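S.K.: Here's the letter readout for the chains.
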Amino acid sequence: MLVFIIKKLANAALVMLAVAFLAFMIFRLAGDPVDMMSTEQTTEADRELMREKLGLNDSFLVQYGRFVGNAAQGEFGISYRNGQEVLGLIAERFPATMELVLVATILSLVVGLPLGVLTAIKRGKWYSEILQFGSIIGVSLPSFVVGILLILVFSVTLGIFPAFGRGEVVDLGWWSTGFLTKTGLMALVLPSISLALYQVTLIMRLVRAEMLEVMRSDYVKFARARGISRTKIYFRHALRNCLMPVVTLTAMNIGTLIAFALITETVFQWPGMGMLFIQAVTFIDIPVMAAYLCIVSFIFVFLNTMVDITYAVIDPRLRNAK
Amino acid sequence: MDDPSRIVQAKADPGHNCLEVRNLVVEFPNRHGTLRALDDVSLSIRPGEILGVVGESGAGKSMTGLAIQGLLERPGRIASGEVWLEGRRIDGLSDRQMEKIRGKEIGAIFQDPLTSLNPLFSVGAQLVETIRQHMPELGKAAARGRAIALLKEVGIPAPEERVDHFPHQFSGGMRQRVVIALALAVNPRLIIADEPTTALDVSIQAQITGLLRRLCKEHGTAVMLVTHDMGVIAETADRVAVMYAGRLIEIGPVETVLKSPAHPYTRGLMASIPALGARVEHLHQIDGAMPRLNAIPPGCAFNPRCAAAGPRCRRDEPALAPVGQGAAACWLHEGGVA
Ligand SMILES: Nc1ncnc2c1ncn2[C@@H]1O[C@H](COP(=O)(O)OP(=O)(O)O)[C@@H](O)[C@H]1O
Ligand SMILES: [Mg+2]
Numbered sequence: 001m002l003v004f005i006i007k008k009l010a011n012a013a014l015v016m017l018a019v020a021f022l023a024f025m026i027f028r029l030a031g032d033p034v035d036m037m038s039t040e041q042t043t044e045a046d047r048e049l050m051r052e053k054l055g056l057n058d059s060f061l062v063q064y065g066r067f068v069g070n071a072a073q074g075e076f077g078i079s080y081r082n083g084q085e086v087l088g089l090i091a092e093r094f095p096a097t098m099e100l101v102l103v104a105t106i107l108s109l110v111v112g113l114p115l116g117v118l119t120a121i122k123r124g125k126w127y128s129e130i131l132q133f134g135s136i137i138g139v140s141l142p143s144f145v146v147g148i149l150l151i152l153v154f155s156v157t158l159g160i161f162p163a164f165g166r167g168e169v170v171d172l173g174w175w176s177t178g179f180l181t182k183t184g185l186m187a188l189v190l191p192s193i194s195l196a197l198y199q200v201t202l203i204m205r206l207v208r209a210e211m212l213e214v215m216r217s218d219y220v221k222f223a224r225a226r227g228i229s230r231t232k233i234y235f236r237h238a239l240r241n242c243l244m245p246v247v248t249l250t251a252m253n254i255g256t257l258i259a260f261a262l263i264t265e266t267v268f269q270w271p272g273m274g275m276l277f278i279q280a281v282t283f284i285d286i287p288v289m290a291a292y293l294c295i296v297s298f299i300f301v302f303l304n305t306m307v308d309i310t311y312a313v314i315d316p317r318l319r320n321a322k
Numbered sequence: 001m002d003d004p005s006r007i008v009q010a011k012a013d014p015g016h017n018c019l020e021v022r023n024l025v026v027e028f029p030n031r032h033g034t035l036r037a038l039d040d041v042s043l044s045i046r047p048g049e050i051l052g053v054v055g056e057s058g059a060g061k062s063m064t065g066l067a068i069q070g071l072l073e074r075p076g077r078i079a080s081g082e083v084w085l086e087g088r089r090i091d092g093l094s095d096r097q098m099e100k101i102r103g104k105e106i107g108a109i110f111q112d113p114l115t116s117l118n119p120l121f122s123v124g125a126q127l128v129e130t131i132r133q134h135m136p137e138l139g140k141a142a143a144r145g146r147a148i149a150l151l152k153e154v155g156i157p158a159p160e161e162r163v164d165h166f167p168h169q170f171s172g173g174m175r176q177r178v179v180i181a182l183a184l185a186v187n188p189r190l191i192i193a194d195e196p197t198t199a200l201d202v203s204i205q206a207q208i209t210g211l212l213r214r215l216c217k218e219h220g221t222a223v224m225l226v227t228h229d230m231g232v233i234a235e236t237a238d239r240v241a242v243m244y245a246g247r248l249i250e251i252g253p254v255e256t257v258l259k260s261p262a263h264p265y266t267r268g269l270m271a272s273i274p275a276l277g278a279r280v281e282h283l284h285q286i287d288g289a290m291p292r293l294n295a296i297p298p299g300c301a302f303n304p305r306c307a308a309a310g311p312r313c314r315r316d317e318p319a320l321a322p323v324g325q326g327a328a329a330c331w332l333h334e335g336g337v338a
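Heads up: the protein sequence lines correspond to chains A and B, in order.
For the first sequence, the UniProt record's numbering gives the first residue as 1, with consecutive numbering after it.
For the second sequence, the UniProt record's numbering gives the first residue as 1, with consecutive numbering after it.
Since the hints were made in silico from the structure, they are not lab data.
In this text, all values refer to a predicted model and were calculated from it rather than measured experimentally.
Keeping only pairs whose Cα atoms sit at most 30 Å apart, straight-line, the calculated DSS-like set for lysine-lysine is:
hint: 1; chain 1: A; residue 1: K232; chain 2: B; residue 2: K104
hint: 2; chain 1: A; residue 1: K232; chain 2: B; residue 2: K100
hint: 3; chain 1: B; residue 1: K152; chain 2: A; residue 2: K221
hint: 4; chain 1: B; residue 1: K100; chain 2: A; residue 2: K122
hint: 5; chain 1: A; residue 1: K221; chain 2: B; residue 2: K217
hint: 6; chain 1: B; residue 1: K152; chain 2: A; residue 2: K232
hint: 7; chain 1: A; residue 1: K122; chain 2: B; residue 2: K104
hint: 8; chain 1: A; residue 1: K221; chain 2: B; residue 2: K100
Derived coverage of chain B by chain A (criterion: at least 3 residues anywhere in the stretch with Cβ under 8 Å from a Cβ of chain A; other residues may be distant):
hint: 9; region: 109 to 119
hint: 10; region: 127 to 134
Where is the CB? At the ideal position from N, CA and C, for every residue including glycine.
With the rest of the complex left out, here is chain B (with noise of 0.2 Å):
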């Protein structure tokens, strides 16, 4: 009961799962002592599955994400727990190791697709870079042959032409089309998308997370996919993990964490969206603000913005239970708050 990274993974095979994270507590050491941006975070991802991370904005999900690419910045690093890719353990490779793996067997989507792109390079110049670094043994018009192809795949028109294009001759979804084929280029079995379309305009953001869950789909390639929309993740995500405070709190299947959340932190998040796809740009509905790192309570995380809270919360830390399908970190469905 006290391994909660077993309980996330109950129902699956461990065998089966592309990603999994196991008990991850990312620190950054400074002058006045040590920083936990993430403090035992378990999650796992199947492939083929959309596996949606939420919360405020300091939450710790691009923290994850980054953690799990191995491009912590110092002085920040992982401090225990592990990443398991495909079976394979892969914190604690080196910068070489995870030159391998990254581009390769994980794929990258940033936010920001004006800024993502070389703007001294053409798309196909940079897609090219990409394939040939990880498939040296494709010659020159081979990779120009794959980029054009997965410009097409990605639905930018007139592939031919667009590929010898420069980024600045591009629109921003157009680029973050080309930011995809980018993740996509040689085929990665998890693709860590932060927050794809939050830089896009309302009306292209639904094709961008559309083209992404079909090609992910397609090719069975897992997506850890990093929003503050919840829109997003109730037309795009299977699951979903909801992050507060550097610590995951609930995670469980996209229905059940949407339609009745276990979390009280979750129930807020869902009870500020006025209908399931609406947008909204920040969640800043709950009362109170999540604390700093070095500021973080006794007990329960979110304790002190807490209705239900109780003596017991502000004492003692819940861990991830199971609850209903999935699982979640809170005393209320732990023997009670008092």
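This is chain A alone, in the form it adopts within the complex (with noise of 0.2 Å):
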């Protein structure tokens, strides 16, 4: 089990090299930073001195080395839009884009799970049926649509819920949360739900295919046989055996949720990190864009590499591989 831990730790680690190649080189093919710093009135020995400075002189691969130890820290440099450090720019931002891709995910697995369950278990009931062809909708239905039609409802017309804005938030150290405060979580609604929408339905319908696969399998038959009943079976046997493709589609949903949060984030005007990269997209801002890369990929691979973990703990003959 340690063998195989460190095994996906390491490759975890050599993905991330490979992800923060890929943003250093945005920076060297952005053009020289010298030219993007100095004026008409720089000299070329200020040229050099400035060049020597941010050790633009070093070799590639030491320059290199140096983006990735840095980047290892923190630090990403200054913004060219407004100079500030880039990580505070994103810490300020982070915790927006977390809390609502968090409720997002939990709102999937907490609605997806058991209506796939349902679905499967119930399956040809009139109710099934209809959720099943409910469910084509939420896949096909663009997520912006969603919040639309949501803002619509829920706020122009009804009133319930915001319709833009993260309410008020509470400063935890640098995290600021908005599930602290009424205004925060009624804020957090509409937009988790219009995230939510389509992950539900993937969830449910994968859900629902895998329990319909396992309930056909020999050991379930045989569960049966045994006289274990009916809702052992579904719970204990069948769900379980359905966990590992849910726990991968939820991990790379959460990266997904992430990258598909800059449209919802845009149309609630959700302070997040999406709408900082929207704008650091406008401006060229090259340290915030290579920043958002590292972290977002950052994330995707630590959520893999749990997943390979979590496999392990679900699956005992993967435990023993090597």
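Once you've looked at the hints, go ahead and assemble the two chains, each given alone in its own frame, into the complex.
M.R.: In structure tokens:
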């Protein structure tokens, strides 16, 4: 098990190095930073001095190494746009996005799992068929349409939930949370629903398909022949065997959600990383873009590694695999 | 004379039968009509007796076992007939009631030990689950003790350690031993073993059937042993039932059926064995193929493949009637084929 974990971690580190390389190349390809910083008055000697100071005269590998070292410590430099520390900018936006994604993920599991099980074990019943049909609509509706519809119904018409913003937030160290105030929680409702809807239907359809598959398996039939009750078979034997793909999908989706959040954040004026990134793209703010790339990739890789380790926890066959 | 169940059970007091199946008919209704998967099957097994069930693939052997256990897949259903277990009628019980019978009074052994165990639970967990399902009064520790004792009984070395191992850590033969332990977990009265050795390596098949036979004799458990391996039948069974196209066409003591089969189909099966004890994978040695359920010919279902068939065989369906020590459904023994 330890060997397995170390292997996975080494894998993850390699992937991150590759991502850092990409981010580094963005810097290189974006042009000479000295050009961007210099004015007409800058002499060639000044430029040379700046090059020396920025380490641009070092070899490619040394520069890359320095970039990775800095990135690992969260040093992504200074935003071209407003001269602030990139890390600070992201730290300010990160909690907003993460809280939104967290709520959407929990929502998609809490709703998607039971619906998947229900539509599988009550196959053919009218409500299963309706849910199954409804899920097709859920999969095909773009999230910004859902967002706009939600705003239209629940903010504009009914006026129950706010249409934009995060409400009041409470600072816990550098983390600002919307979980502790009423307006913060109310503000989370519509964006997380619009973000989660697609995931709910995805998880529901996955769980249903997996359940139907597992229910046909020999060990479920054998469990029936041993007199194990239906409930135990559904929730102990069958559901557990469906969990692996659900874990994978969920983890992968958190990455997707962060990416999708870009759209939801725009629709709901949610002050998260997605908004920050869109602004960065408009201003060609390379350090922010590079940092965003590194951080989102890091989240992806981290989740992937956790998935692999969770697999081993769920499935004994993988524990002994070297 | 026209109630075959009475004939089959003629020699045994019905009260002494562990299992009694009377005129069982299983049907699968579908859009084009109704498929009759089992047609008028009657058989009985006494405590401690091993009844071998043979027949080509698709003959209805597994279906018979499933119908007895109440595990027919929808839309399959018992259309008529009765199933009696230890003097209690169990066909038509609700699924809830059958859950109390499955595993507790009827143990099951499936064909493929690689797939019949849940890969995510240790064998101990699956044993304890079965034991506690049917003996809720037993505590966790006691159930675990029983699980270890069962593993020991089915010949698994170091059961105290193995109880916590997962199915993938056992070989095929060892897994089938675990499955047998699961079937025996709470001392059922009847075990339905559906081709328990077909998926196993030839070298361990005899060990597994030997084990099954020994345990059932010790516990006085009745066994319905489905197989298409005549060698297994010869070594293990006390009586044999031969099935063809959803019908029971011959039943009798193993020596009689193997040495002097009464039905031409059984004779064909026997002729295909080079010597008793030799094993064959499939029974494809009689010319022609078994009819599909929607294309069973009128008269005797076997008549198109039968060398002895006469006009009567193509017209009327023969019923099971006593022949020697057993019974067969063939006009040869009941007034001729003409
Ligand atoms: N779900 C089903 N619907 C219709 N026919 C079925 C179904 N399952 C099995 N059958 C038919 O029932 C017959 C008996 O099958 P089975 O008992 O599995 O044969 P075997 O003797 O090989 O165990 C076969 O002809 C098979 O095609
Ligand atoms: Mg079969």
